[in-house]
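For the sequence shown, our numbering gives the first residue as 1, with consecutive numbering after it.
Hints are computed from structural coordinates only; laboratory data are not their basis. Just so you know, these numbers come straight off a predicted model, no measurement behind them. Where is the CB? At the ideal position from N, CA and C, for every residue including glycine. Among these hints, one or two may not hold up.
[To be verified] The following label-pair restraints were derived from C-beta to C-beta distances:
1. G310 - R264: 41 to 49 Å
2. R5 - A294: 50 to 58 Å
3. P363 - R78: 49 to 57 Å
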Amino acid sequence: MRRTRASLLASLVVATAALAPIAAIATLALGADIVFDMRSLGILTHTVLLAGLSVAGAVLLGVPLAVLTTYADLPLRRLWVAALAAPLAIPSYIGAFAYFAAFGPGGELDRLIGLPSPRIEGLAGSALIMSLYTYPFVLLSTRAALQSLDGSVVDAARTLGLSLPAALWHVVLPRARNGIAAGALLVALYALSDFATPAIMGLDTFTRMIYVEYNAFGLDRAAMMSLQLLALVVIVLWLEARVRVRREHFGRRVHFSLSPAARRLALAVAAAVVMATVVIPLAVFGLWLAREGAIGFEASFAFNSAYAAGLAAAVTLVVAVPVAHAATTGGLGRLCERITYLGFGVPGIVMGTALVYIGLRLPLLYQTLALLVLAYVLRFLPLAVGAVRASSDRVEDSMVGAARSLGASPAEAFRRVSLPLILPGVIAAAALVFLEAMRELPATLLLRPTGFDTLATYLWRVYDAGQLGRGAVPALALVAISAAALAIMLAGESRRRRLTPL
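Generate coordinates for the entire structure from the input sequences, incorporating the hints supplied.
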């Protein structure tokens, strides 16, 4: 009972902290002289178009690739799944950085082989980059839905005269639509929240203009735009909450063989996507590294990134445990848990603006590492809470009860029974929070202490100064660290499934 009260109290404190940035933005916006004008309409149009085009592009890429890698007889299928999911380890702004430098007059492609190419910029460029680096959300959610479908329904459709493409279109995809919708809504949320990609591409969206207003000391206008952006985010989150992926009773797996020509076409398309998302950016950064080396780069940038992200991961896990426990104790605990999920829907640029305002009211916090870590914790706490809850739900009460009946103390039962079962999930959650904190750019730009540069902020600084070649080392380091953290997270998830009792 004492532990329950302590968890509930801690959860209430965390929920209050999660609401503070939204309250700060609302308070700050009261001083804005303009609520909505023609300029705001243009920004809203660009933001909505970017989200819509990104979703369309991600679905057009992700769904066919999901069908092929789930049902078709592709050679080395697992390797292709891993390669096609690899863009998850590359922040979209790194892709935008590489494409901005590679294409167009005077770009790397033009300099190397004299091949003229269109510049990747504006709405089209932003939507292209966003689609390339978010389609794995659709790919993975669609694959999960497709793997649960019973192939006997497809067989029945084929016996009634439908061709294979018609059966996939009329029978399979409608039953996987919720999985497709879940991935598409994640893409929309990402596109609404992303700051660097539209900024690099020169597209005026809410995230970019909030940063412009902040630098022009227009905090009140930045806050008003933040509220307008949050309204769009809330709509997406509401739609996402209504999507429920239904799983069928699994029967025979759908499987089909491709003709040699169709197989070659499928492999060519998959290879082209991997080339566009992974090979081209790495080639550009490798070229810069060979040409300019590590000029201007300091090891402290990597240390600062790892230090801040490590602190955020540790604090987030410490905070997540009581929140997850309180959610199992009753309605108030579940409400507090739901409130903490608001942070993940708040874009980094909005979180940064809100905490700048709070820091100005609390000078001890302003431009301190503590305020930056707080931003990371509030943004990525839902990732840790979800992982801890999922791991804890897998610990059966009967197993703990059996340990207690054999004479184990509560502490010993937790150490020898519960902890081994939840630890892989906790490690995966820590890796995920670490990964997201390492990659976070807008909140870090606004909240970092003076002189505290991370890999992400240094990459932004060299872009802003037009010294693109100096971005090779931080970009490659971010990709490598992201890949390692993603591997640890997936290994933790795999081990958790193996340890889960049937």
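Results of checking the hints against the structure:
no., hint, in the structure
1, G310 - R264: 41 to 49 Å, "holds (46 Å)"
2, R5 - A294: 50 to 58 Å, "holds (53 Å)"
3, P363 - R78: 49 to 57 Å, "holds (54 Å)"
When each numbered hint is compared with the structure, no violation occurs for any of them.
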